[in-house]
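S.K.: Just need the whole structure built from these sequences, with the hints factored in.
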Amino acid sequence: MAKNYAFWKILRQETVILKLLARKIFSATFQSFKRVFLDSKPSQKAKTTWNVAAVSEQGTSHKKQNIPCQDAQDCQILSNGVILIAVADGAGSANRSGDGAQCAVKEMIELLKTALVKELPQDEAGWEALLTQAFDQTRQVIDRRATVENISLEAFATTLTCAIASAEWLAVGQMGDGVVVARTEDNELFAATRPQFGEYTNETFFLTMTDVLPQIKVQRQSIQALAVMTDGLIYLAMNMANNDPHRPFFEPLLDFVAQIEDQKEAEAQLSAFLASERVCLCTDDDKTLVLAVRLPTSDTETSSTWEAPLITSQEAAP
Amino acid sequence: MTQKLFDQVGFAKNPEPRCPVVLVLDTSQSMEGTSIRELNEGLRTFSKTLREDRKASLRVEAAIITFGGKVQVVDVRDGEAQPIPFDAERAFVTMDNFQPPTLTVRGHTPMGEAVSWALKLLRERKEIYRQNAISYFRPWIFLITDGEPTNEEGYPTDDWRPAAQEVKDEKARKGVIFYAVGVEEANMEVLAEFSGEDPVCKLKRLDFERLFLWLSNSMSAVARQAPVPPIDCGEDDV
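Those protein sequences? They're chains A and B, same order as listed. Per this note's numbering, the first sequence starts with residue 407, numbered consecutively. Per this note's numbering, the second sequence starts with residue 377, numbered consecutively.
The set of hints was computed from the structure by calculation and includes no laboratory data. Idealized CB from N, CA, C, for every residue including glycine. Among these hints, one or two may not hold up.
Stated by the list, open to error - Subject to a maximum C-alpha distance of 30 Å in a straight line, what follows is the list of computed DSS-like cross-link-like pairs (lysine-lysine):
(1) A:623 / B:389
(2) B:380 / A:670
(3) B:380 / A:469
Claimed, not checked - To give an idea of the interface, some chain A residues facing chain B are shown, with a C-beta separation under 8 Å as derived from the structure:
(4) 608
(5) 641
(6) 644
(7) 647
(8) 652
(9) 654
(10) 658
(11) 659
(12) 661
(13) 691
To be verified - Sample of chain A residues with no beta-carbon within 10 Å of chain B, all distances over it, derived:
(14) 454
(15) 474
(16) 520
(17) 530
(18) 538
(19) 551
(20) 552
(21) 556
(22) 573
(23) 602
(24) 615
(25) 623
(26) 628
(27) 700
(28) 702
M.R.: So this is what it looks like as structure tokens:
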């Protein structure tokens, strides 16, 4: 009698296991069937990843005057394939502007990440609200820091430029004279923002100015590549009269980024380029450049979405 | 392979942004002798120092207006100090082409008129920049005098007051950066009317060399968007 009981128990267990296995096989088969025959937008199911190279290089005029690099940048790729890029340029006349720039990019990225890992805005208004709030909150963080340290907010004066690209949207926000250039799937290159100057090209707007609003631009556009920079490079990269990207500047650099296998090595090479005599003859300002190229991968591949490590601003070489 | 890609990176060709400065210089009779000699030396220092800064020499543009007997725009292309017609196209020259003139003295001190001319010259220069899609920095006016405004008979006048108000208005509009420097027996109160809240510099011991060194370093700083040090009015006698 005991033997029989044990037998039936084992048989029952194995039946349960077989049922579970059958259910799994059926589910997987059905999902494959659904993906191949029923889903109308397979590209949405494809995970995307990005190749990124992000550097800040101290300008030669800063080297001469023993002033550290006052630019900063930060970049993150979320597990849902969204890329976040922020760059900042501390004002030369503000004595804590380097800290202002670093604080601004870190806060901005953190705020955007916190919002976007939960859900993406579904319309233009949603993206605009997200960015407007992020700029405001970033300024508040810097303001609190100024209060704690008992110095003026203006001491942290910095520009701030950020770009977000999801599968379908490009959203950019800007205070000051940075630039965001984007490339579409059709290889069209365009400036997503216009650097903010007043009448004078050496007088721009800073995040710390409470009476100026950030410039926010949102478009429903799938972006294949992004270049975000501070003003140190704009005379080389842009045709200033009409704010057009200079294609011969961007194409070789984006080709370079598309081929990256080792990010650290690529960034070292990009740094060396920005520090080269050829570049320094044309600009002696701090230079920041964040380049990103989207590399779609399909679902059937086992690669998980690559998350870029937190890229912090480079310490200036003494 | 990577180096080849970087070598292929092409740079856009944009005109350099411009940093215009008008030197408004007293060449009236009282500047005769050491004063005008030192001023001319100062101009040479200014020119030489700025030309050593490659970036600044392409960005800084200088014009000279003198006031001594009459108000004149001086040709700064050939060092001959010839007067030229009032023309914002011709008056300014980038420092890589600037030839410091050797100025001579004569007559009374029409300071107000000279400052008015400088403001007008800058307005017209800005218009030229806009028409040619050239970006520019906030312009400077640098006024140097050893006396006070006088009429043709050599008596002090009040006709400089509208010009002083023009400067104040332009500064309020953030249209210009204005420095006033008095040497020797200059009437500092009159200069203070032009400068408004900004301090007036009383140059010590005719140290134009030092003053113009400060000016050229400051223009370099502006061209590089770096902070400008406070004006150097020279040292007292030890």
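S.K.: Hint by hint, say whether it matches the structure.
M.R.: Hints and how they fare:
1. The hinted pair formed by residue 623 of chain A and residue 389 of chain B meets the criterion: a straight-line CA distance of about 27 Å does not exceed 30 Å.
2. Distance check on the hinted pair: residue 380 of chain B and residue 670 of chain A sit about 19 Å apart at the alpha-carbon level, within 30 Å; holds.
3. With a CA separation close to 28 Å, the supplied pair residue 380 of chain B and residue 469 of chain A stays within the 30 Å bound.
4. Taking 8 Å as the C-beta contact cut-off toward chain B, the hint placing residue 608 of chain A at the interface holds, the least distance being around 5 Å.
5. Interface restraint check: residue 641 of chain A against chain B, minimum CB-CB distance 5 Å, threshold 8 Å, status holds.
6. Because the beta carbon of residue 644 of chain A sits about 6 Å from the nearest beta carbon in chain B, less than 8 Å, this interface hint is met.
7. The criterion of a C-beta within 8 Å of any C-beta in chain B is met by residue 647 of chain A, whose closest approach is roughly 4 Å, and the hint holds.
8. Taking 8 Å as the C-beta cut-off, the interface hint given for residue 652 of chain A holds, the closest approach to chain B being about 4 Å.
9. Taking 8 Å as the C-beta contact cut-off toward chain B, the hint placing residue 654 of chain A at the interface holds, the least distance being around 3 Å.
10. Satisfaction of the interface hint for residue 658 of chain A is found here, the shortest Cβ-Cβ separation to chain B being roughly 4 Å, below the 8 Å cut-off.
11. For residue 659 of chain A, the suggested interface contact is upheld, since its CB lies about 6 Å from the closest CB of chain B, less than 8 Å.
12. Given the 8 Å rule on beta carbons, the hint for residue 661 of chain A holds: about 6 Å separates it from the nearest Cβ of chain B.
13. Given the 8 Å rule on beta carbons, the hint for residue 691 of chain A holds: about 7 Å separates it from the nearest Cβ of chain B.
14. No beta-carbon of chain B is positioned within 10 Å of the beta-carbon of residue 454 of chain A; the least distance is around 24 Å.
15. With a closest Cβ-Cβ approach of about 14 Å to chain B, residue 474 of chain A is found to remain outside the 10 Å limit, as its non-interface label requires.
16. Here residue 520 of chain A stays apart from chain B, with its beta-carbon at least about 34 Å from theirs, past the 10 Å limit.
17. With a closest Cβ-Cβ approach of about 31 Å to chain B, residue 530 of chain A is found to remain outside the 10 Å limit, as its non-interface label requires.
18. Consistency note on residue 538 of chain A: stated as away from chain B, and its beta-carbon is indeed over 10 Å from all of that chain's, at 28 Å minimum.
19. Separation of residue 551 of chain A from chain B is adequate, the least Cβ-Cβ distance of about 22 Å exceeding the 10 Å criterion.
20. Distance to chain B confirms residue 552 of chain A as a non-interface residue, since its nearest Cβ pair spans about 19 Å, more than 10 Å.
21. Non-interface call for residue 556 of chain A relative to chain B: holds, since the shortest CB-CB distance, roughly 22 Å, exceeds 10 Å.
22. Remark: the non-interface label on residue 573 of chain A is consistent with the geometry, its nearest Cβ contact in chain B lying 28 Å away (cut-off 10 Å).
23. Residue 602 of chain A, annotated as away from the interface, keeps every beta carbon of chain B farther than 10 Å; the closest lies near 13 Å.
24. For residue 615 of chain A, the shortest C-beta to C-beta distance to chain B comes to about 14 Å, beyond the 10 Å cut-off, and the non-interface label holds.
25. Every Cβ of chain B is farther than 10 Å from the Cβ of residue 623 of chain A; the closest lies at roughly 22 Å, confirming the non-interface assignment.
26. With 10 Å as the threshold on Cβ separation, the claim that residue 628 of chain A sits away from chain B holds: the shortest Cβ distance comes to roughly 25 Å.
27. Distance check on residue 700 of chain A: its Cβ is at least 19 Å (rounded) from any Cβ of chain B, clearing the 10 Å threshold; non-interface status holds.
28. The claim that residue 702 of chain A is not at the interface with chain B holds, since no C-beta of that chain comes within 10 Å of its own (minimum 22 Å).
Hint compliance for this structure: every hint is met.
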